[in-house]
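Taken in order, these protein sequences are the chains called Z and H. Residues 1 to 332 in this note's numbering are what the first sequence lists, from first letter to last. Residues 333 to 608 in this note's numbering are what the second sequence lists, from first letter to last.
Note that these hints are calculated values from the structure, not bench results. From the three backbone atoms N, C-alpha and C, an ideal C-beta is built for every residue, glycine too. Wrong hints could be hidden among the right ones.
DMTMM-like mimics (lysine to aspartate or glutamate), calculated; alpha carbons at most 20 Å apart, straight line [unchecked claim]:
(1) K600/H - D57/Z
(2) K109/Z - E336/H
(3) K600/H - D73/Z
(4) K216/Z - D301/Z
(5) K358/H - D130/Z
Some chain Z residues well away from chain H (every beta-carbon gap over 12 Å; in silico) [claimed, not checked]:
(6) S126
(7) A245
(8) A294
Okay, here's what each chain looks like letter by letter:
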Amino acid sequence: MTKAISAQGLVKSFGDVQALNGIDLEVEQGSVVGLLGPNGSGKTTIVRILTTLLNADSGTASVSGFDVQSQPDDVRSVIGLTGQYAAVDQYLTGRENLELFGRLFHLSKRDAATRADELLDRFALSDAADRGIKGYSGGMRRRLDLAASLIGRPSVLFLDEPTTGLDPRSRQGMWDVIQSLVAEGTTVLLTTQYLEEADQLASSIVVLDHGNVIAKGTSDELKNQVGGDRIELVVSNAADSLRAATVLAPFGSAQATVDEDAKRVLVPVAGGSNAIVDAIRALDEASIAITDIALRRPTLDDVFLSLTGRITEEDQAPKAPKSGRRSRRGGN
Amino acid sequence: MSTETRPLLGWFVADTLAVARRHILKITRVPETLFFALIQPVMFVLLFAFVFGGAIKGFPGGAQDYRAYLISGIFAQTVMFAVAGITVGITEDASKGIMDRFRSLPMRQSAVLAGHTLASLAQNALVIIALSITGLAVGWRIRGSATDAILAYVLLATFAYAVTWLGAWIGLHMPNPEVAGTAGLAWIFPLTFASNVFTPVATMPGWLQPIALWNPVSCLALACRQLFGNPNPFVGDSFPERHAMALSFGWAAVLLAIFVPLAVRSFKSRNAGGQA
Ligand SMILES: Nc1ncnc2c1ncn2[C@@H]1O[C@H](COP(=O)(O)OP(=O)(O)O)[C@@H](O)[C@H]1O
Ligand SMILES: [Mg+2]
Chain Z
1 MTKAISAQGL
11 VKSFGDVQAL
21 NGIDLEVEQG
31 SVVGLLGPNG
41 SGKTTIVRIL
51 TTLLNADSGT
61 ASVSGFDVQS
71 QPDDVRSVIG
81 LTGQYAAVDQ
91 YLTGRENLEL
101 FGRLFHLSKR
111 DAATRADELL
121 DRFALSDAAD
131 RGIKGYSGGM
141 RRRLDLAASL
151 IGRPSVLFLD
161 EPTTGLDPRS
171 RQGMWDVIQS
181 LVAEGTTVLL
191 TTQYLEEADQ
201 LASSIVVLDH
211 GNVIAKGTSD
221 ELKNQVGGDR
231 IELVVSNAAD
241 SLRAATVLAP
251 FGSAQATVDE
261 DAKRVLVPVA
271 GGSNAIVDAI
281 RALDEASIAI
291 TDIALRRPTL
301 DDVFLSLTGR
311 ITEEDQAPKA
321 PKSGRRSRRG
331 GN
Chain H
333 MSTETRPLLG
343 WFVADTLAVA
353 RRHILKITRV
363 PETLFFALIQ
373 PVMFVLLFAF
383 VFGGAIKGFP
393 GGAQDYRAYL
403 ISGIFAQTVM
413 FAVAGITVGI
423 TEDASKGIMD
433 RFRSLPMRQS
443 AVLAGHTLAS
453 LAQNALVIIA
463 LSITGLAVGW
473 RIRGSATDAI
483 LAYVLLATFA
493 YAVTWLGAWI
503 GLHMPNPEVA
513 GTAGLAWIFP
523 LTFASNVFTP
533 VATMPGWLQP
543 IALWNPVSCL
553 ALACRQLFGN
563 PNPFVGDSFP
573 ERHAMALSFG
583 WAAVLLAIFV
593 PLAVRSFKSR
603 NAGGQA
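Input sequences plus hints: build the corresponding full structure.
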């Protein structure tokens, strides 16, 4: 069976910024792959190359078996793209937007109208269908944008940071919608800065850093690689912090980190919620008083810390905007 | 549901109309845009006809003739200003990711620009009609034959259409709508002022005269004056003055021949950065 997405050795630079350093990517049909990485790691660049908006400097890529460079029209007829910013016309109504994109997808007038109705209904936009987008909330715009990318029933859907900038409720709504698409068998490549999001939506995750793939795997594999969940505790006496780390060592899946000044101990554990019960019992037996203890999931920062030995840094600031179009960040 | 099949040219026409419809809807949603597009040339007419008009003493035939002379100049100037609107519109679409959406659709790519320029032409046609009415109100008249008058309007429309392609091309290279707003206008001002739009070329300093004579804006204004049968004092018999109409169509053809392919190429280019 042809791969939904297949890329070998994608390299792209913008002036002296090396955006991609040789990316390989394979996405099976019907799967959901999450590209996870901090700002500036190359996520959007990969999406733009795969959706025929940008040529790679070298390397090859195909979507549903069509070469992105030499068969762009074929690629465009099987993909849907939702970019980082809601790409809808704010002067048109929701329905007019969908019908416009439907017509440009070369649906007949009637099909475009039916499909627009279907999608408005599905994304809970029917009530607002005939209002101008100007009055839509951020969440509604994103949903309309996603609806627009589904107009041609794409077999491969690209979602570039679909929930960045959304409040938690709209984010959950977006996740539900994406999950239902996946359940219908759509292949999805999504990018995100949040491990939690990749975890929720993606069956496998590719971690990017400075245009390189630094890890690949299911979210469980990645988290285990990072050492699973973390027990974070604050001891009452600073003097106890090292002792606490020793007591908890048997439950740990990796080296504990101790910050004596903050009286804080961080222990990666594999056992999840069982581990915290065991830990509390062990600390109690050792008569170590604690003021706070919590189990938390690893974050992108943890993954980064463990994979690269450094904290994620936003590396866009010093690189002056070469193309001013980028200066419209957040301008939707 | 299935996609329709049509020959490529059929798709080009269908896509162009769909895109043009989008822009026309937009004009109806933001009537202010059209209002200001209409009001600007009208203001110029009133300003020059009545405020500066009194100061323009030496004009043969006096203020009345100057107004008749002025209108064709403002026609030409208005056609030039058509560039600014599309320049900003294109840059706005690019910065909002709408261009990327178009570019990711299996539509005819050149239809994005063809549709936008077509809608622009429709808007400019309205502006030219409004300007004609203003002209009639201040004493401008069509004194030539009906065929010549139609030819003048065809020339204005052709020229307007050609310049919007130049505007589109500029818009594709501007980093954001603010810069586009300035860039779209910056070069038009010297071009319209170093022309016969407001004053006959013969009254200008010698070094400027050849530039003003060949200036496409002058050619267009002069051609309109000739076709509408308006006063045209101080016209010499230099080549651009004798062949103003042919030269104007020529300029339009040159603009189209250069900027249609350039703009389409820029739009299709997949090497540029675009929005990150
Ligand atoms: N059009 C562009 N011009 C110049 N540099 C760019 C452009 N697009 C992206 N970059 C640079 O390429 C790198 C990767 O960017 P991008 O793919 O947008 O990352 P992400 O989507 O992960 O935030 C960044 O350093 C960014 O500054
Ligand atoms: Mg990005």
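For each hint given before, does the structure comply? Return the numbers of the non-compliant ones in rising order. Hint check: nothing fails, all pass.
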